[in-house]
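Given the coordinates of chain G, assemble chain B onto it according to the supplied hints.
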Amino acid sequence: MSARILVVEDDERIRSSMRLALEGEGYDVDEAESGEEALDHFTAQSSDVALIDLMLPGIDGFETTRALRRQSAVPIIIVTARTDTHDVVAGLEAGADDYVTKPFVAKELGARIRALLRRARPAEDEPKVLSFGDLELLPDQGVLRRRDGEEIHCTRTEFRLLCELAANPNKVLSREQLLDRVWGYDYFGDGRLVDVHIRRLRTKVEPDPALPRHILTVRGMGYKLVP
Amino acid sequence: MSANGSADGAHGPGPASEDPKGHLWTRLGLRARVTLMFGLGALVLSIVMGCVSYFTARHFLVDNRENSAKVTAFANASQVRNFAEFESHSGTKPETVLEGLDAGVASHSVLFYDNAWYSSIAKVGKNATPAAMRALVLSGTPATQNYWLGGSPQIAVGVPIPSVHAAYFEVFDVSDLARTLRVLALALTAAGVVTTLLGFSVGRSASGRSLRPLTDVSRAAMAIAGGDLDTRLPEVGDDPDLAGLTLSFNRMVDQLQERIERESRFTSDVSHELRSPLTTLSASLEVLERDRDQLSPQARQALDLLAADLRRFQRMVDELLEISRSDTGSVDLWMEEVAADDLVRHSVAASARSLARLGPPATSAVLVVDVDGVSGTRLRVDKRRFERIVANLLENAAFYGGGATRVSATLGPEHNGHATVRVAVDDHGPGLEPDERVKVFERFYRGHASGRRGTGMGTGLGLALVAEHARLNGGTVWAEEAPGGGARFVVELPVMSEAEQAEELEGSDSP
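Protein sequence lines correspond, in order, to chains G and B.
So for the first sequence, this note's numbering puts the first residue at 1; every next one is plus one.
So for the second sequence, this note's numbering puts the first residue at 1; every next one is plus one.
Hint data in this document are derived by calculation from the structure and do not stem from the laboratory.
Do not take every clue at face value.
[As the list claims (entries may be wrong)] Output of the computed footprint for chain G on chain B, the stretches with three or more beta carbons under 8 Å from beta carbons of chain G: (1) 273 to 287; (2) 330 to 342; (3) 379 to 391.
[What the hints assert, rightly or not] Computed far set for chain B versus chain G, every beta-carbon distance over 10 Å: (4) Leu138; (5) Asp173; (6) Arg212; (7) Ser218; (8) Ala221; (9) Leu233; (10) Ser264; (11) Ala350; (12) Ala424.
We treat Cβ as the ideally placed atom computed from N, Cα and C, and that holds for glycine.
The following block holds chain G by itself, in its conformation from the complex (with noise of 0.2 Å):
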């Protein structure tokens, strides 16, 4: 069965030239033209990506995003045609996984997509359980819990980024590293997206996130994990 993805865009010829080429690209497209009927699409029928234009009438993508992540875990692409820093980290911050700028090719799209789809990690090569600190990491079930058996919530895109940096304690990943892996992206990817995630994983995962113990930061490398 083919992915289903969710399209909120207001501007009608511009969804429907994107569901056309995702369609084409082998989707299946829903499409929402605010951010409430997207609210409502979701609840009655979920979906397994959702791409959220920023500029919305009535709730904004920022509000859609953050209201989406409150109730689901599931895999956010932020659609913006600004590229300032400030729009993309705030919809990072909202919950975002990733983000496009318009106009956007359709491959590239397409290639974004897979890439959030795809499983945390291949399975031959992964242990059973990665464990830093209290916590517990089952990559095949995709659960991160405390030993205790408290389980925390975190996006896929989160989930897979803990994993890397579990599977290598100790070891500096460089974001260029980490992009690759679990965004897939090449040298170009944007580094604000790992250093968003990282953020929000400190919030779930550090007992201050403040004064990080487990996920540090090693300037001018990159990041590493401390059990």
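The following block gives chain B in isolation, referenced to the frame of chain G:
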């Protein structure tokens, strides 16, 4: 900076001929002129004051001295008369009398008596007195004369004593008076020099103070010209002379800023508005391209034309937006520390991919990438801007230079304590005329060879953006001649110094 002209440094020669009459004086700065006026004023004033003081003092002192000399001489003359009338018969020699008169005063006496000359001091004879005066006194008129004798100033007073057919002369040495006057002159000169210097320094500081608003204005204007449109002059309180200047200057900058911002907001808005239809167009085009094989040859050709121009259009919108952003100063830089060799290698690879999508003219050029010179060097750059630099240079080489032949990265010379990295892109095209080497970085510049260059694929903004991106990364760019005769574009970027790297460590929490 290279001698071959650079994107950011072309300054034409100043106005060729200046009014020859407005020479030195006008060529001096206003401040120098005010200082000079103060100094000269003080000089003239102290000369006048000095001369007046000196001559007044001198007149007074000499007068005084002459009067006292006369009094003494007349008193002595009457003693001499007494001697002549009553004591000449007692056998006392006139010299003895004269010696007695000299006591205590720096003077000596000369007496004409009995057709002979007598003098209080042997070596001084009648010749100690000026001849003209001698004649005058001998003819019966008292006289006084100032003169020099043996290098020292003298006052001679001559008193005729007709009752005994004698004449009494007394010569006063007034060297002490001359010394006093010399000291006075010296003191006045010194005071004059001090006053003049004071005048200069007062002039300098006063002009500095009164010109400070002008200096502030010029500094502010420089900052504004440099792109910092938020610069304003500080309010000066209620000084009525300066408030007007400050107010009108700030108002001018406000309007300028508003106008510039309105214009680039317009460009930016237009580019944004164009993005929506472009998104529709490019997404729909891709749907069509997927089924390209099923189209008739004519339709396929039309589709290819559409695709090529749509991409070019898209690039133009992107680049216009980029330019308008750097015009308004609303650029967001994403600086990262990266290995220079990796950066160049990846940039060339990515640029080659995006170039292939644009479908450049076929070229036989083989691209050599040489980054060994910078292995181990780390740069702090906006990676994606750097990639745009390389992409635009490769694209420029592909469209106008027969394709790039070589991309090399080497260590450049040091500037302001910063090591530099030079990235050069060579092509084997016809090269650039010297006068073109600066102009190619202008927006929408079409070269001399535009006929030959008429592939119509460039957006006209590529090299302008290269210069802009280089500037934003703290570097410069220029064009020169490649060793093989083609054009070479060189981008020079500063290398992070160790100190800066250490400082960066104190910074934010991102790698």
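Each hint tested on the structure:
{"no.": "1", "hint": "273 to 287", "result": "holds (count 12)"}
{"no.": "2", "hint": "330 to 342", "result": "holds (count 6)"}
{"no.": "3", "hint": "379 to 391", "result": "holds (count 3)"}
{"no.": "4", "hint": "Leu138", "result": "holds, 112 Å"}
{"no.": "5", "hint": "Asp173", "result": "holds, 92 Å"}
{"no.": "6", "hint": "Arg212", "result": "holds, 39 Å"}
{"no.": "7", "hint": "Ser218", "result": "holds, 34 Å"}
{"no.": "8", "hint": "Ala221", "result": "holds, 30 Å"}
{"no.": "9", "hint": "Leu233", "result": "holds, 31 Å"}
{"no.": "10", "hint": "Ser264", "result": "holds, 14 Å"}
{"no.": "11", "hint": "Ala350", "result": "violated, 6 Å"}
{"no.": "12", "hint": "Ala424", "result": "holds, 21 Å"}
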